[in-house]
Amino acid sequence: MSPHAQSEVALLLNGLHAPSQLAEARWERLLRLARMSGLHARLAEANLDKAPMTDLVHRHLLSSARIAAYRAQMVRAELFHLTPLVDADFPVIVLKGAAYLLQQRKMAEGRFVSDVDLLVPRSHLRTMEGRLLAAGWQPEKLDPYDERYYRDWSHETPPMRFPGHSLEVDLHHAITPVTGSLAFDPASLFERSEAIPGTPFRALCAEDQVLHACLHCFHDGELDLRVREVVDIDGLLRTFAAREGFWDRLLARATELRLQRPLWYGLHFARKWLECPVPREVSNALPAPSALSRAVMAALVPLAMLPSDPDFPPPFRVRLARTLMRTRYHLLRMPLRLLAPHLARKTLRRLKARFDRRTEAPTDAGAP
Amino acid sequence: MMRTDYRLLDVGAACLAVATPIEHFHRHLDMVYPHQSARDAPRFADIRVSLLPGSRWRWRGQQVSLWSEGRRPFEPYPIQSALPLFEWGGNWLLAQRLNAYLLLHAGVVARGDRAVILPAEPGSGKSTLTCALHLAGWRFLSDEFGVIDPTTGMVLPMLKPAALKNRSIDIIGRRPGAVLGPVFAGTRKGDVAHFVPDRHSFLSRQRGAQPTLVVFPRFRAGAALACSALTTAQTAMRLGMNSFNYGVLGPVGFDAAIAIARRTHGHELVYGDLDEAIAHVEALFERAP
Numbered sequence: 057m058s059p060h061a062q063s064e065v066a067l068l069l070n071g072l073h074a075p076s077q078l079a080e081a082r083w084e085r086l087l088r089l090a091r092m093s094g095l096h097a098r099l100a101e102a103n104l105d106k107a108p109m110t111d112l113v114h115r116h117l118l119s120s121a122r123i124a125a126y127r128a129q130m131v132r133a134e135l136f137h138l139t140p141l142v143d144a145d146f147p148v149i150v151l152k153g154a155a156y157l158l159q160q161r162k163m164a165e166g167r168f169v170s171d172v173d174l175l176v177p178r179s180h181l182r183t184m185e186g187r188l189l190a191a192g193w194q195p196e197k198l199d200p201y202d203e204r205y206y207r208d209w210s211h212e213t214p215p216m217r218f219p220g221h222s223l224e225v226d227l228h229h230a231i232t233p234v235t236g237s238l239a240f241d242p243a244s245l246f247e248r249s250e251a252i253p254g255t256p257f258r259a260l261c262a263e264d265q266v267l268h269a270c271l272h273c274f275h276d277g278e279l280d281l282r283v284r285e286v287v288d289i290d291g292l293l294r295t296f297a298a299r300e301g302f303w304d305r306l307l308a309r310a311t312e313l314r315l316q317r318p319l320w321y322g323l324h325f326a327r328k329w330l331e332c333p334v335p336r337e338v339s340n341a342l343p344a345p346s347a348l349s350r351a352v353m354a355a356l357v358p359l360a361m362l363p364s365d366p367d368f369p370p371p372f373r374v375r376l377a378r379t380l381m382r383t384r385y386h387l388l389r390m391p392l393r394l395l396a397p398h399l400a401r402k403t404l405r406r407l408k409a410r411f412d413r414r415t416e417a418p419t420d421a422g423a424p
Numbered sequence: 017m018m019r020t021d022y023r024l025l026d027v028g029a030a031c032l033a034v035a036t037p038i039e040h041f042h043r044h045l046d047m048v049y050p051h052q053s054a055r056d057a058p059r060f061a062d063i064r065v066s067l068l069p070g071s072r073w074r075w076r077g078q079q080v081s082l083w084s085e086g087r088r089p090f091e092p093y094p095i096q097s098a099l100p101l102f103e104w105g106g107n108w109l110l111a112q113r114l115n116a117y118l119l120l121h122a123g124v125v126a127r128g129d130r131a132v133i134l135p136a137e138p139g140s141g142k143s144t145l146t147c148a149l150h151l152a153g154w155r156f157l158s159d160e161f162g163v164i165d166p167t168t169g170m171v172l173p174m175l176k177p178a179a180l181k182n183r184s185i186d187i188i189g190r191r192p193g194a195v196l197g198p199v200f201a202g203t204r205k206g207d208v209a210h211f212v213p214d215r216h217s218f219l220s221r222q223r224g225a226q227p228t229l230v231v232f233p234r235f236r237a238g239a240a241l242a243c244s245a246l247t248t249a250q251t252a253m254r255l256g257m258n259s260f261n262y263g264v265l266g267p268v269g270f271d272a273a274i275a276i277a278r279r280t281h282g283h284e285l286v287y288g289d290l291d292e293a294i295a296h297v298e299a300l301f302e303r304a305p
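Just so you know, the sequences run in chain order A and B.
Just remember that the numbering used here sits 56 ahead of the position in the first sequence, which is counted from 1.
Just remember that the numbering used here sits 16 ahead of the position in the second sequence, which is counted from 1.
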C-alpha cells in the first residue's frame, strides 16, 4: 500500500474514536475508505454533531447514520419476532452484533448487523429449527451437497428467513467449525452465558464475547476488507477493560478453550491499528506465534483487511494477499482430505455458473 | 501510481465524478451533459467512479465495468453502452447515499418556484410526461429522483439527463426542441436514449422549488384521460411507496411524506394522449394551493 493511502487508513481508524477536523477533500477520501470497509456509520457516530464539518460532509455522515439506524431497527424487529420461540427448556444465546445491540453497548452504535446469529445446544438444534419452521421461517433453498456441508462440517444450519423480512437467522451449535483444529465443546459457553435483561435471550459472557470476536475475525471466513472485525474486538476490550479482574479471566478462558492464538492476533491488531489499551502483561502472558507466522501475518493481514486506494481496482498484491488468507482459512477449517474434494466441487460449480451466466442475459436485480 | 483525471458533473443536489480512458464515453457525456463546464476545479463528489474497459480479446465482445470504491457493484456492460452503465449505476449509487433526503422515484418540473411532482413506477410513462412538460415550457428539476429536503420541505433539482426507453424515444424525439443523446439499442432495459434538459433548467440547478401538485401518472395506450383526486392520506402513502428510501428514513421519511401531502393537491392521472395530459396537469396546477 502506498504510504499516502496508509496514512489515510490511519486517519480513518483514528476518526472512529476521536472526532476528525479535516478539509472537505480529505473527508471525501475518508468516507470512501469507510464505505469500502463498512465503517461509514461508525465514522458518523463518532463525528456527527461532534466535529466541525461542511454541509456536504454532514449530509453523507447523516445518510450513513440513518442506514445504520434502520438496520438496527430491523434487527430489533427480528429479535422481537423470535422472542415467542424462546422457552425456558434450553438457553438461546444471541451472538455478535445483535447481542451488542440488545445489550445496548456503545460499540453497537453505527455498527452494521447483517444477520441474526443464534447459538443453541446441539441437542436442541433440531427443536429450535423446528420452531422456526413452524413459525414461518423458511430455509434457503440448497442443493443436497450444500445441505450436507452445513449439517456435517459446519457449525450452523443453512440460513433461514421469514418471508418479507430483510434479515436472515443463522442457527449455530458451536462457534468453531466442528472439523477445524480449534473446535471445542461449547457446553461451557452456555454455563457462563448471561441473561440479557428484558429479553428471553442470553449473551456470551464478556471474555467469551472477546474470544468469539477474535475467532470470527481471524478463523471464520475470508479477511477481505474486514478491518471492522478488529474494530469490534477493540470496542469489546474498551467496554470491559475497567471491569475488575477482566484481563485475568480473559487469559484464563483463552487457555481453557485453547484460543490463545486467535486472542494474540486480536489483541495485536487492535493495539496496532486502534491503539487499544491492552496491558503489556496481558499480551506477554500469551504464547506468541512463531517469528515466521508473525512475519507472514504482519505482511498479509493489512493488505487483506484494510481498504486499498478507492480510486483503483485492488492491486495484484492485495488480491494475492486475500487469496492466501482465504487458503489459510480453508486449511484451518477442515483437514486437507475433506477440503480438497470440497474446493474442487465448489470451483467446478463456480465455473459452470460463470458459463451459464455468459449464455443468458444478466438481470438488473437491485436497480432503482 | 498515476493520479486519476476525474470529470465532474454538478447536477444540483449531487456532484458526480467519473474517470475513464474510453473516448466515445467522453463524447457521449459531452452530448448529454452539454452545459457542464469541461474541467471544473477538483471538489467533493458524492459519487466517484471509474469506467474501465475489459479485455479487448473477449470472445463475445469487449465490455466495460463500473468501479466504485475498489469494487464492481454490477455486471459489466458491452463497451458501447458505457453511458447507460454510468447513468444507471450512478443513479443506483446515489440512491444508496443520499439518505439525508427523501428520494422519490419521480419526475419533477416547476413553474417559477412551484413544483409538480410526478411519482410513478417504472413503465408508467413518467419520463415521457416529465420531458413533454419540460418541452412545453416547464423548468426541468429531475426525472429519476424527486429529491425532498426533509428540513425545508423543498424539492431539489437533480439535473441528470432523462433516460427514455423504447417507444418514448420517438414520442419525445419528434417534439420540437427535444435534444436527445445517441440511441443505445438492445440494452438490458431495451432501447435507451437520454433526453437533455435545457440550459435555463441547468443554470437553475441550485434553486429548489416548493411542492405544489403531486400527480401519479399512468400511461395506458388508447385510454381516455381520467383523473381522480386523492385524499391527503392516499397521497402520503403513495409518495412513500414510490420512494427509494422511505423505509430507511423511518420517522423522517414519514413526516416528510405527510408534510408534502398536506401542502399539495394529489391526483391520479390515467392518460393515452400526451398533449391532453399536459393540458390537464396545467389546469390542475392553476387550481393548486
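It is possible that part of the hints are untrue.
Unchecked claim - Partner residues aside, some chain A positions facing chain B, computed with beta carbon under 10 Å: (1) 84; (2) 295; (3) 370.
Stated by the list, open to error - One-sided and incomplete, this derived list gives chain A residues near chain B with beta-carbon spacing under 10 Å: (4) 108; (5) 110; (6) 112; (7) 118; (8) 119; (9) 127; (10) 129; (11) 132; (12) 136; (13) 139; (14) 141; (15) 142; (16) 144; (17) 146; (18) 365.
Worth flagging that the hints you see were computed from the coordinates, not collected in a lab.
Each residue gets a CB set at the ideal place from its N, CA and C atoms; glycine is no exception.
A quick look at each hint next to the structure:
Hint status for residue 84 (chain A): holds, given a least beta-carbon distance of 5 Å to chain B, under 10 Å. Violation of the interface hint for residue 295 (chain A) is found here, the shortest Cβ-Cβ separation to chain B being roughly 27 Å, above the 10 Å cut-off. The beta carbon of residue 370 (chain A) is positioned within 10 Å of a beta carbon in chain B (closest approach about 5 Å), and the interface hint is therefore held. Taking 10 Å as the C-beta cut-off, the interface hint given for residue 108 (chain A) is violated, the closest approach to chain B being about 15 Å.
With a cut of 10 Å, the hint placing residue 110 (chain A) at the interface with chain B holds, because the nearest CB-to-CB distance is about 8 Å. Below 10 Å, beta-carbon pairs count as interface contacts, and residue 112 (chain A) has one with chain B at about 5 Å; its hint therefore holds. Among the interface hints, the one on residue 118 (chain A) holds; its C-beta lies about 5 Å from the nearest C-beta in chain B, closer than the 10 Å criterion. The interface hint given for residue 119 (chain A) holds, since its Cβ lies 4 Å from the closest Cβ of chain B, which is under the 10 Å cut-off.
Taken as an interface hint, residue 127 (chain A) checks out: its beta carbon lies about 9 Å from the nearest beta carbon of chain B, inside 10 Å. Residue-level restraint check for residue 129 (chain A) holds (minimum Cβ-Cβ distance to chain B is 7 Å; threshold 10 Å). Below 10 Å, beta-carbon pairs count as interface contacts, and residue 132 (chain A) has none with chain B, the closest being about 12 Å; its hint is therefore violated. Given the 10 Å rule on beta carbons, the hint for residue 136 (chain A) is violated: about 16 Å separates it from the nearest Cβ of chain B.
A least Cβ separation of about 22 Å between residue 139 (chain A) and chain B goes past the 10 Å threshold, and the interface hint is therefore violated. Because the closest C-beta pair between residue 141 (chain A) and chain B is about 25 Å apart, greater than 10 Å, the hint is violated. Given hint, residue 142 (chain A) at the interface with chain B, is violated; its Cβ is 27 Å from that chain's nearest Cβ, farther than 10 Å. For residue 144 (chain A), the interface hint is violated, since its Cβ never comes within 10 Å of a Cβ in chain B; the closest pair sits about 34 Å apart.
Hint on residue 146 (chain A) is violated. Least Cβ distance to chain B is approximately 35 Å, over the 10 Å limit. Interface hint status for residue 365 (chain A): upheld, as the beta-carbon distance to the closest one in chain B is roughly 7 Å, under 10 Å.
When each numbered hint is compared with the structure, violations occur for hints 2, 4, 11, 12, 13, 14, 15, 16, 17.
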